[in-house]
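Undergrad: Sequence:
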Amino acid sequence: MKKWAFWVDRGGTFTDLLAKTPDGRLLSHKLLSENPAQYADATLQGIRELMAIPHDQALPVEQIASVRMGTTVATNALLEKKGTEVLFITNQGFKDALFIAYQQRPDLFALNIPEPNVLYNDVMTINARVDAQGSVVTALDETQTRQQLQHAYDQGLRAIAVVLMHGYRYPQQEQRIGELAAEIGFTQISLSHETSRLIKFVRRGDTTVLDAYLSPILQQYVQRLSQALPEVELLFMQSNGTLTAAHDFHGKDAILSGPAGGVVGMVETAKAAGFHQLIGFDMGGTSTDVCHYAEDNHHHSQNQPHDYERTLSTEIAGIRIGVPMMQIHTVAAGGGSLLHFDGYRFQVGPDSAGANPGPVSYRKGQQLTVTDCNVMLGKLQPDFFPKIFGEQADQALDQTAVKHAFQQLADEITATNPSSISHQSHYLETIAEGFLTVAVENMANAIKQISVQRGYDVTQYTLCCFGGAGGQHACLVADVLGMQQIYLHPYAGILSAYGMGLATIGAVLQHSVEQALDENCLATLPAYFQQLKQSSEATKLQKQAEQASPNDQQIHYAYRLACHYAGSDSTLDLVYQFPENNPTSLAAQLQQLQQAFTVQHQQLFGFCLPDRPIAVARIELTISVYERTTNNTTGSAQPSSCEPIAHKPVFMQGRYWQTPFYQREYLPVDAVIQGPAIILEKTGTIVIEPNWQA
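The sequence shown begins at 1 in my numbering and counts up one residue at a time.
Honestly, the hints are just simulated from the structure, not real lab data. Here a beta-carbon is modelled for each residue, glycine too, at the ideal position from N, C-alpha and C. Mixed in with the good hints, there may be bad ones.
Said to hold, decoys possible - With a Cα cut of at most 25 Å, we get these calculated SDA-like pairs of lysine to any residue: (1) K403 - F385; (2) K2 - L234; (3) K648 - L476; (4) K20 - N76; (5) K364 - P386; (6) K81 - Q103; (7) K543 - A562.
Claimed, not checked - Restraint ranges, calculated between C-beta atoms of paired labels, are given here: (8) A132 - R105: 23 to 31 Å; (9) K95 - H276: 45 to 53 Å; (10) G185 - T524: 51 to 59 Å; (11) Q534 - A671: 49 to 57 Å; (12) E233 - A317: 26 to 34 Å; (13) Q534 - T125: 33 to 41 Å; (14) M1 - Q693: 41 to 49 Å; (15) G185 - P583: 49 to 57 Å; (16) A132 - M1: 54 to 62 Å; (17) N121 - M51: 40 to 48 Å.
Work out the full structure, taking the sequences as your base and the hints as a guide.
TA: As structure tokens, this is what we get:
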């Protein structure tokens, strides 16, 4: 019997869901992530509503095959500092290593220097040491270590992060400490050789502490879902863009769980439509995520998953993270970003109204937001927006409250500067448009950081917009950047959820090498990659692919090298061809890699060093278990018509335009819509500015 499948993106403001029905149709749904007066969990409520199950009946879990999900639970816990209390365990003499870290001063001339953020509550040092060659300098005193652990346990600590010198390569002492902690009863044990197998003590330590800090909170949420959905395959999106089973979902891999689904959805859908160079623009309620993708035509096959841009070093909320993550740049400008006037200038964000209380137009909020700007300008119309607000979650956007709030803001501006815009016609709309311009510039600057500043000509790219608010601002952002083409998928408003369904189960594994890039190094690389293929994570995925029908699933490996100039710490990722797939000689392969590194270094930094030797810092193996067949499910067909469903005044470019409103699902494929116009979707609104054409 065919069953339901659900793809979920639980964001900071909205939770988006796509359901694949037993007969193959796709149904979409969007609801507030937090609405305690109506429901306890947005994901379960969304599933219930899509299946049309009354509140007084239990969910028929026997009809559900799988739930794929991205969540902000870990991200919110990190931002709000609501993780678990952690005991940091390290060698004697390194108690303050993570606190001192790299001694970076973000504001060099500041007189008031805040202390660095650390996530651990206490430190335990042990008198044990292994040197860089693996020789035991000081053996682990198990009796003393057990006593120290017991004391920490008696103090109420239940999570530990074990980070020992050279533990990434020689993990025996870390493993033994973990065993002792498990015997005592610690419930969260994070060992650095498991969280990060790479050299660099501080990065490895930060990542391990983060994992211990977030994993218990994350697992509590996962367990609640698992208990509500017994016998259902529950998969979670990791920050690296692959899916993993619920019991293997760890805090260190969950920071970009939701945005990673958006990147997958963007790449897979845009490439299917024929676009190969993409700038991703994911504007949600709380923030905007931007990313870059350009297909490597030399190393990509049509029957393989796409290789995404990833980064190893990321900093979020002042916390350094050293695991493979999608290369996403985030700016605090979303639909819920608050508007501020400090007496001199307009500012947008970084704080957000979130889902509760939300914007003024949502009938709970007291402060104006970017969404309220679009309501004020007429781009968002109460008649065409979901009626999910108010005490009973059945009311429309409150346009009257928005106008009243903007009038109060205008009075404040006039009181500060009497010769301001209050004498102008449509001055409330002018204020709203001014704030919108600030938000658009913030988002455009974020795109420049991941494109122009890295040597890419953004005018040659397609702006791929998604997220609940992406379509409202796509043309404005493209105008600022000089981009000529925008792509919005039919599920653009919930593309992160759609990406959950397109993603593959997989893992990204790494191994330190630290060798000069020469023929001797290339000769040893296959053995290193083979070790990764034999790791427990890889073996688990291989068994999964073998157990599936050969016609349904296949395992795919992607190989990369992280290389750098000798004496430099800036690594660049190069595609590596495994010998069985590359019959060329070592000398030819070496020349190809050296040339690729030089070209990439020149593009990114504007120079190269021909006489400087190149080194391999680490290798990376991406494993993907993907379906051979393509999922072509769509929504139900609708009759087509180019006739607008309404005309309403919308304020754009300093004046009102009588603007046609269209329903996207009724538009024929070859329809041409000239701006200004508004295209309505079930999960979003697309604003076509004057001089644009859809």
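Undergrad: Against each hint, give a clear statement of whether it holds in the structure.
TA: Status of each hint after checking the structure:
1. K403 - F385: Status holds; Cα separation ~17 Å.
2. K2 - L234: 17 Å, holds
3. K648 - L476: Cα-Cα ~20 Å, so holds.
4. K20 - N76: Violated, at about 29 Å.
5. K364 - P386: Holds. K364 to P386 sits at ~16 Å (cutoff 25 Å).
6. K81 - Q103: Judged against 25 Å, a Cα distance of about 22 Å means the pair holds.
7. K543 - A562: 28 Å, violated
8. A132 - R105: 23 to 31 Å: At 30 Å between Cβs, range holds.
9. K95 - H276: 45 to 53 Å: Once the Cβ atoms are compared, 51 Å apart, the range 45 to 53 Å for H276 and K95 holds.
10. G185 - T524: 51 to 59 Å: 43 Å, violated
11. Q534 - A671: 49 to 57 Å: 54 Å, holds
12. E233 - A317: 26 to 34 Å: 32 Å, holds
13. Q534 - T125: 33 to 41 Å: 34 Å, holds
14. M1 - Q693: 41 to 49 Å: 47 Å Cβ-Cβ, so the 41 to 49 Å window holds.
15. G185 - P583: 49 to 57 Å: 55 Å, holds
16. A132 - M1: 54 to 62 Å: 58 Å, holds
17. N121 - M51: 40 to 48 Å: With a Cβ separation near 43 Å, N121 and M51 satisfy 40 to 48 Å, so the hint holds.
The earlier numbered hints that this structure contradicts are 4, 7 and 10.
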